[in-house]
Structures are given as C-alpha cells and as structure tokens.
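Keeping their order, the protein sequence lines are chains U and C. If you read the first sequence in the numbering used here, its first letter stands for residue 1, the second for the next number, and so on. If you read the second sequence in the numbering used here, its first letter stands for residue 1, the second for the next number, and so on.
Simulated from the structure, these hints should not be mistaken for lab results. Glycine included, C-beta positions come from ideal geometry on N, C-alpha and C. Every clue listed holds true.
Label pairs and their computed distance ranges (CB to CB):
# : chain 1 : residue 1 : chain 2 : residue 2 : range
1 : U       : D204      : C       : T107      : 49 to 59 angstroms
2 : U       : T86       : C       : G181      : 25 to 35 angstroms
3 : U       : R50       : C       : P116      : 23 to 33 angstroms
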Amino acid sequence: MDLPNNPGIHIAGINRDIETRLGLDLVGGVQALLEADLPEGTEIDAETMRTATRIVENRVNGLGVTEAVVQQAGDRRIVVELPGETDPEKALETIKQTGLLEFVEMDYSPLPDGMIIKTDFAVDGEAEPIDEESPVEETIYHTVMTGATIKNVGVTTGPAGGYEVAFELTDEGTRLFSDYTSANSGKFLGIVLDKEVVSAPRIDEPITEGAGVIRGDFTIEAANSLAIQLRYGSLPIPMVIVESRTVGPTLGQDSLSQSLLAGMVGVTIMVLFMALYYRIPGVIADVSILIYALLAFALFRFVPVTLTLPGIAGLMLSTGSALDANILIFERLKEELRNGRRLSQAIDIAWQRAWPSIRDSNIATLITCAILFWFGSSFGATLVKGFSLTLALGVAVSLFAAAVVTRTLLKIILGYFKPVNLERWFGI
Amino acid sequence: MLDILGKRYIFFGLSLVLIIPGLILAAFGLPLAIDFTGGSLLEVRFESGIAPQPAEVIQLYGSLGVEDVQVQTTGDATIFVRSSFLDDTTRSQLISAMEGEFGEDITVLRFDSVGPTIGQEVTARAGMAIAVAAVAVVIYITFAFRGIQNSFRYGICAIIAMIHDVLIVLSLGAIGAYFFGWQINALFLTALLTVIGFSVQDKIVVFDRIRENSGIYRRLPFANLVNHSIVQTLQRSINTQLMTVEFMLLALALFGGVTLREFAVILLVGLFSGTYSSIFIAAPSLVIWENQEWKTWFRRGRGKEAVA
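I would like the entire structure built from these sequences, with the hints used as guidance.
Encoded structure:
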C-alpha cells in the first residue's frame, strides 16, 4: 500500500522549523536568573521592576544575540536567555554590571544633564592614555574617581529645606576626593553614569572628611533617584545573579542531531504501524497527524515558542494525544462495524461516542498545563513553562485535527471509493 | 471475558514490589541535582587531551575559597566538578584561574550555578503546582462525570493512580541513581510532569467508558461493569501505548543523544505505568471503593465476595 505522506517531508518540515527558534539547551548559550538583592519580604514596586527589566534588556541587546529573551518573572526576578551566546563570561558580566559611575572634572562650565561625553577612564579599569594627537574638537574629560569609591549614599534634608544627596566615601575615595576638592574649589564636578551626565554640582568647599552632600533643586523623587544611581549604578534596584546556566554549543548539537535521527526512526515506525493496523483510516490518520504537525509548528512560529528539550517533550506528548484521539475513534469504528452497522452510520456513531473521552481527557490536560504555565512564568522556571506551553498548544491543535481533519478526510475518501470488503480495508 | 478485576490484589502487589525497593533506596538519599539543592556544576574539556588530577582541581577551587568540591573525570579529557553555589565574582575568576593553571585551551561544555534558596523554591513550588493541578483535575472530573453516581470518586481514583505513577518514576529514578549514577535534575522533573499529564489523560479515557456503560448496562454489578469497560478499551490502551511510548521513546532511548537517553528511559517506564495504572490501579480502586473492601482486608477469606 502506498503511503500518502512521505515521512521525509514530514521530518524536513520539522527540521526547517526547528532551526528557526531553538532553546539554549539545544544550541548552547547562557541563561541567567536575576533576583532583586533586597531583604525577603521587601515590597518592590512594579514600575521599578519594569525599569530594571528594560535596562537589563538594553544591556543584553548590546551583546548582539539574535534571539535574546529578557522577561520579568514574578515580582522580584528577571530571566535572561541568550541562545547561541558563545562568550558566557562576557555575557554574564554585561548583565550584572552595575553601570559605570564616574566623577568627572568639568572646570567652570557644567554640562547639561543627559549629555553623552567621553572620559579618559576605560571600562576595564585601566586609565586610557590620552592621545595627544586626537582632534581637538572632541573633549575628553578626566575621571577623578569612579563609583567604586562610594561607600554609602542617602537622602537628607538640607538646612534651608529642600532635599540633598549625602554620600560617604571609602578610605581611598576620601583621599582622592580630599586632594581634588582642595585644589579645585569653585569648579564643577560632573557625575557621569555610563558616559551620560547625571548631574553636575559645584564644589563649594573642600571635602576632606570623606563625606559630603550634593545640593540642587531636588524633588524627593529626583534626590532618591540620584542616590540610587550613585549607590547601585544604573539599575534602580540591586540585582544579583542567583542562577546561571551555560551550555556549550557542542553538547547541545550532539544531543539534537542524534535525537532528531532517533525521532525520525520513531515516526516512521509509527506511520507504518498506523497504516498496517488500521488500513484506510490509519493512512488517513497519518495524513491527519502530518497536518497536525504542520499546524502545531505554524502556531509555534506564530506565538512564537522557543523549542527546548522540555518543549519537545510537550510536543511529543501532544502528538501522542493526537494519535490517541485517532485510535479512540478507529477502535470505536471497528466496534460499530463488527456490530453490523453500515459504514457511514458507523463513522457518525464512532465520532459521537469517542468525542466525550477525547474532550474530557484533553481538557484535563489543558487544566494541568494552565497551572504549570502559571507556576513556570511566575517563577522563572522556563523549563516547566516551555513544556506546558507546547503541550497546551499541541493539545489544542490535536483536538481540532481529531474532530475535523481526520473525519473530513475519511468522508472525502469514502466519497470516491466504496470499499466492499470491510475486513480488509478497515482491519476489523 | 478477560477477568482483570478479579486479580486486582495481585496487580496491587506487583506495583508495590516495583515501588518499595526504589523508595527504600530513595530514603537513603536521592542524589538531587543542583536544580533542587543549589550548587554549581562545571563540565570542562581540555583540548590538549590531558585533564588535571582531581586533587589539583580541588586545590584550585580551594584557593578561591570553595571547599566542598567533587571532581569526576571522564575518558576524553573532560572533568565534571560539583561544588556549592558560586557567587558572581568566584564564577568569573574560576575559568581564568583554570586557564592560568591548566593551559589556555579549554572548552566550557556546561557551567550551571544555582543559588541555594532558588533550589529549595523550585522544589517547593513544583510540588505545590502539581498539588494544585491534582485538585483542579479532581474538580474537573467530578464536574465532567456529574451525570453518574459518586462522580468525585473518579477524580480521587485518577489521582491515586497518578500518585502511583509518580512513585514508580521516583522509584526508577532512585534505582537509576543507585546503579547508573543518574541525577535527579530538572529534566527528571520534566519527565515527571509529562508522566503526570499523560496519566490523567489516560485515566479519563478508561473512566469515560465506565461512564458510558453505566447508562447502558444499568443492571450489571459495578465490578462487572468496570471489568467490561476495561476490556473494551484494552485495544486502544495497547495501541496508544505502542504509538506514544514504545516507538518514539524506544528509538530515543536507543539512538538519542546522551542528554536525552536517561530522559527517554524514564518516560518509557513512566508512560507505560500511566497506561498500566489506568487499567490495574484506577479502575480497580473504583470497585474497591464501591464495595468498601477495606472492611474485609483484615479478615480471613477476603476477596471471595469481591467479584460477582
């Protein structure tokens, strides 16, 4: 008997789609879970977390990873996934960096807030030698010291009312700051975050005690925000990496290509078995499963779903349930035919009787998926989330395939071909 | 007709024989991976072909202040290092220290680091999610079977059988851990979730037949009704099992990538158990409940009156 669906095309379809979006357990990459480093139970307001997520996202985008995912998980965590990232240390470094804070010499002309400038301090911690021959129109500002010298920051109210940002320096910072402010009283000192001017207060008097205040026309929000930036760099709240996973590309690839081959063998046997055991309906079920697979993959692309190992497990299980639906119907069909019903009548009854079990069993699975998905996304357990998402989508498509596709195909075929020998064509 | 229900206590016994040894092994300590306990796992290959001695690696970790280190070497100049959780600074220092100490040409195959509180939370939350899902399934089944008597029993029995499957998988995990050095990790959790999803779905298919038949054979004793329903769905159970489990997973277990092999074996057994328990645990439990057989469990000559 001919097989209407060629397993080769089936697999090629899977192959092509899989290559579009693969999880990092398959292609290698880096995953990190960041958590707000605040005492347990501290309220973190949603806006702050959104800001932090956005900032982390900006940093991650700087890495140039094509399918990077940055998502807030629950109310105090951020998930970062970088499939295909080959330099995990650099990636994690970028994610967790607190932003580079510099105190910059500005002489008597303060720069406006928000301006991007160049300084002579390089990110790797070494002072860059100032190139004497560089074009004069680009000013390179001298960095007096960095945020690493700050020990503590707080918001206070000044003697004249109004808010001030008070800071305290480390021993090294105290020495540097004391020397500098003594020599440059009256000049402006730029506070620069990631090369962007945050504020440019004037040095009113030498600060030798290692503590000082920044005065300005601050509202409480502005003072708080400056204090936070001084303290933690650009993230509005301190975040630490509480979980990180790096999978080398070779490990993922090995697993994937071998498992794909194994999957092909499995699918081929399955297709043959269905055709041999259930005859005409079996072949139709094979076509129906093929359509199911194409629909499921189209949906995965559309959503989009990143395929991980757990995701593939979910997909396999939903393929199982698509098959189960077909098997349920065909077993019923055989039963009705054995009871001597006419074919068209038997088909109607088979669907009618098999449907409640297909419906109820799949709804139970969908309920389980919904709960697992909620658990996965509120917690940053991407593994569970991927599994429940592919399973739920797959089950939804399989319900459609069983209810509509198989039946329509069967009716169409039987419209052209009237089998006389039911035993032979339906395997009863 | 095939009398499956009459031998129900034999099948219960069989399940216990499979579950108990594994649980005894588990009681001595399941090797929970860092996904649940927190800690770090580093897998590095030395391209020079010469892996350092475990003692050297332990010393290197020690110099960074990490004490509880276990090193495992494999054939192709690859080492596995398990240790407690590494914070951001230690982690970034480690690789460069390793390169400095053992040569530049190393490939990091895997480097996982999970904070201890995260690990505990995963375990607690996963347990909670499964429990909530179980309750939701009981409620749904009770609703879906509301047309027949004692519909909530079906939900409870489905969950009893699901717990059976979870125990089978745990037992297998413990046995695999004991004999083959398996780790109870996140992939194991995925396998467990898959088994749970399949198990519940399979129970409902068998129960559905009981639901349907109870409308047709009103006079039949409950035990006969259940036995009849099991036999009617038997062919479907076998074929679905063949499709989803034997073919797909056997292929994966035999030819699949290394990471997936253990996963495939667990699914193979777990999903088989999912079908097995629909027939031999879930449906018989309904009958036991109906007959209230526990009243006769500790009396002599029990079981004679159970199957009419």
